[in-house]
Each structure stands twice: as structure tokens, then as C-alpha cells.
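Here is what each chain is made of, one letter per residue.
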Amino acid sequence: GAVVSQHPSWVICKSGTSVKIECRSLDFQATTMFWYRQFPKQSLMLMATSNEGSKATYEQGVEKDKFLINHASLTLSTLTVTSAHPEDSSFYICSAGGGGRTEAFFGQGTRLTVV
Amino acid sequence: AQSVTQPDIHITVSEGASLELRCNYSYGATPYLFWYVQSPGQGLQLLLKYFSGDTLVQGIKGFEAEFKRSQSSFNLRKPSVHWSDAAEYFCARTKGATNKLIFGTGTLLAVQP
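Keeping their order, the protein sequence lines are chains E and D. Under our numbering, the first residue of the first sequence carries the number 57, and numbering increases by one thereafter. Under our numbering, the first residue of the second sequence carries the number 11, and numbering increases by one thereafter.
Simulated from the structure, these hints should not be mistaken for lab results. Fair warning: this is a prediction, and the values are worked out from it, not measured in the lab. Errors might be hidden in some of the hints.
[What the hints assert, rightly or not] Derived CB-CB ranges, DEER-like:
no. : chain 1 : residue 1 : chain 2 : residue 2 : range
1   : E       : S129      : D       : S24       : 43 to 51 Å
2   : E       : T113      : D       : L118      : 25 to 33 Å
3   : E       : A128      : D       : Q12       : 29 to 37 Å
4   : E       : G155      : D       : R87       : 47 to 55 Å
5   : E       : T169      : D       : S13       : 29 to 37 Å
6   : D       : Q122      : E       : P142      : 34 to 42 Å
7   : D       : L118      : E       : P64       : 22 to 30 Å
[Claimed, not checked] The following residues of chain E were derived to be distant from chain D, with all beta-carbon distances above 12 Å:
no. : residue
8   : S65
9   : W66
10  : S71
11  : R80
12  : T105
13  : K122
14  : P142
15  : E143
16  : D144
[Said to hold, decoys possible] DSS-like, lysine-lysine: derived pairs with alpha carbons at most 25 Å apart:
no. : chain 1 : residue 1 : chain 2 : residue 2
17  : D       : K105      : E       : K111
18  : D       : K59       : E       : K97
19  : E       : K70       : E       : K120
20  : D       : K71       : E       : K97
21  : D       : K78       : D       : K105
22  : E       : K70       : E       : K122
23  : E       : K97       : E       : K111
24  : E       : K120      : D       : K105
25  : E       : K76       : E       : K111
26  : E       : K97       : D       : K105
27  : D       : K59       : D       : K78
28  : E       : K70       : E       : K97
29  : D       : K59       : D       : K105
30  : E       : K70       : E       : K111
31  : E       : K97       : E       : K76
The beta carbon of each residue, even a glycine, is placed where N, CA and C say it ideally should be.
Next comes chain E alone, as it looks inside the complex (with noise of 0.2 Å):
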């Protein structure tokens, strides 16, 4: 399988503080990057879609403007919570699609703590 890779894994931040979100695939061309969020205890929900190059789709119910996404490569995509509130505390994970694959493939995970 390809490697995708999300950084940071953990972040803690203040309460109105933005945080930035790195996903990138290490080994082949990403077209396609989705953006996943899990509450504790729950399944995971897709938030967006980005395609390089192009404004990310966003999922019914999902602010864009206070997760606002950018794939500028076809090797990375970010995810920005912008002014961050507790109730923002979640695990956000990427996967990465494309590039012929028939399959998109899970970054690590990144666990959000706003306090």
C-alpha cells in the first residue's frame, strides 16, 4: 500500500487559536485528499474533499470557513481549524486517493485538544 503521512499527531491549543493540519503521501500522486473527523466514541465522519488545484467539497453540516482546507501539490493537503473552541477537540484523519489507485489510504491521525 502507498504511505500517507499527517502531521503533528497530538496538538493541544488555546481556546481561539488556529491550528494547521498537515497530510501528505510520501510515495505516489494525490489527486484526491479527504478530510475524516471521529468524536470520542463515534465512527468517523467525512468533513471534505479536496482536489488539487481546486476548492475542497465540503460534507452537509461542515463550516468551511472554520476548516478551511488547501491542496496545493498533489502531495500535500492542510486542514486548518481556525479559531478552535473545545467542542473542535477530535481526531482528525486524512487519506489520500488517485494517482490509478483504486483505493485511498489513512494518515496516522492527528488528536485535537482546544482548552
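Starting from the structure of chain E, add chain D where the hints point.
Okay, now just chain D, sitting in the frame of chain E:
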């Protein structure tokens, strides 16, 4: 709407016993199907996947799953559970003709000594 159902929220089995975790998908043509395992505080590890062909799929760690079109099911099995298998298991399907995944609610597996 496309969905994935995992009817069992929590299952406890004894070490060495067999295991079957249920998964049903709904709507439309056969999607790609996946089983992932997640240990506490960790990311997802792919156990196995079904795209087409042989309906019995072998995965890592001794797991297998059988796709049954007539039942819209993709149940995960393991003949003999090990204590290290205790984790949460997620069934997932693709959403339409994309690589987006729709996840089930997960089944938390506990293993008794």
C-alpha cells in the same frame, strides 16, 4: 441513502473462541467494502477489502470476510481470537464511484482471558 450498519456496538469473546462481526450496506450497486481496526488512540489499520471477484477475502492477522450480495453483508470473521485483537472494528463502503468512505458505527471487541 448509502449507509453501513454494524448492528453490534459491543462484543465480548473468550480468547481462542471464534469471532464474527456483522456489517450490512445499503443502496444500489455493489460498492467497494473495507474492514478497518482501530486501537485506542490510534489511527486506522486496513484489515481487508473487497472490490470484486472471489467473495471470500483474506486479510491480515488471520481475518477474513465474506461478501454476500443477496444479504448486502460483508461480515468479518476470525477462527480463533487473540487478546491483542481487542480493539474497535469499522466496516466501510465507498460512496458512489468515489474513494470517499462511509463508515459504520463500529463494533468494540473485548477479549476475555
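Hint check results:
Between S129 (chain E) and S24 (chain D), the C-beta spacing of about 50 Å keeps the proposed range 43 to 51 Å intact. Taking 25 to 33 Å as the suggested C-beta distance range, the pair T113 (chain E) and L118 (chain D) conforms, at roughly 32 Å. Distance hint check for A128 (chain E) and Q12 (chain D): the Cβ-Cβ separation is about 30 Å, which falls inside the suggested range of 29 to 37 Å. One distance hint, 47 to 55 Å for the beta-carbon pair G155 (chain E) and R87 (chain D), is violated here, with the actual separation near 32 Å.
At roughly 30 Å, the beta-carbon separation of T169 (chain E) and S13 (chain D) lies within the given 29 to 37 Å, and the hint holds. Between Q122 (chain D) and P142 (chain E) the Cβ separation comes to about 36 Å, which falls inside the hinted range of 34 to 42 Å. At roughly 27 Å, the beta carbons of L118 (chain D) and P64 (chain E) sit within the given window of 22 to 30 Å. Against chain D, the non-interface label of S65 (chain E) is violated: not every CB pair exceeds 12 Å, the least being about 9 Å.
Not every CB of chain D is more than 12 Å from the CB of W66 (chain E) (nearest about 9 Å), against its label as outside the interface. Separation of S71 (chain E) from chain D is adequate, the least Cβ-Cβ distance of about 23 Å exceeding the 12 Å criterion. Every CB of chain D is more than 12 Å from the CB of R80 (chain E) (nearest about 14 Å), matching its label as outside the interface. T105 (chain E), annotated as away from the interface, has a beta carbon of chain D within 12 Å; the closest lies near 6 Å.
Interface exclusion of K122 (chain E) from chain D stands, the closest Cβ pair being 20 Å apart, more than 12 Å. No Cβ of chain D comes within 12 Å of the Cβ of P142 (chain E); the nearest lies about 19 Å off, and the non-interface call holds. At roughly 20 Å from the closest C-beta of chain D, the C-beta of E143 (chain E) stays outside 12 Å, upholding its exclusion from the interface. With a least CB separation of 18 Å from chain D, D144 (chain E) remains clear of the 12 Å interface cut-off, as annotated.
As the CA atoms of K105 (chain D) and K111 (chain E) are separated by approximately 20 Å, the hinted pair is consistent with the 25 Å bound. Between K59 (chain D) and K97 (chain E) the alpha-carbon distance is near 24 Å, which keeps this suggested pair within the 25 Å criterion. Taken as a hint, the K70 (chain E) and K120 (chain E) pair is honoured in the structure, with Cα atoms around 21 Å apart against an allowance of 25 Å. Our distance criterion of 25 Å between C-alpha atoms is met by K71 (chain D) and K97 (chain E), whose separation comes to about 24 Å.
Using a Cα cut-off of 25 Å, the hinted pair K78 (chain D) and K105 (chain D) holds, with the two alpha carbons roughly 19 Å apart. Restraint check for K70 (chain E) and K122 (chain E): the C-alpha separation of about 16 Å stays at or below 25 Å, so the hint holds. A distance of roughly 31 Å separates the Cα atoms of K97 (chain E) and K111 (chain E); the hinted pair therefore is violated under the 25 Å criterion. In summary, the hint linking K120 (chain E) to K105 (chain D) is supported, as the alpha carbons are separated by about 21 Å, within the 25 Å threshold.
For the proposed pair K76 (chain E) and K111 (chain E), the alpha carbon gap of about 17 Å is at most 25 Å, so the pair holds. The hinted pair formed by K97 (chain E) and K105 (chain D) meets the criterion: a straight-line CA distance of about 23 Å does not exceed 25 Å. Our distance criterion of 25 Å between C-alpha atoms is met by K59 (chain D) and K78 (chain D), whose separation comes to about 14 Å. With a CA separation close to 23 Å, the supplied pair K70 (chain E) and K97 (chain E) stays within the 25 Å bound.
Restraint check for K59 (chain D) and K105 (chain D): satisfied, since their Cα atoms lie roughly 15 Å apart, inside the 25 Å limit. Note on K70 (chain E) and K111 (chain E): the hinted pairing is violated, with a Cα-Cα distance of about 28 Å set against a maximum of 25 Å. Restraint check for K97 (chain E) and K76 (chain E): satisfied, since their Cα atoms lie roughly 24 Å apart, inside the 25 Å limit.
Violation of the numbered hints given earlier is confined to hints 4, 8, 9, 12, 23, 30; the remaining hints are satisfied by the structure.
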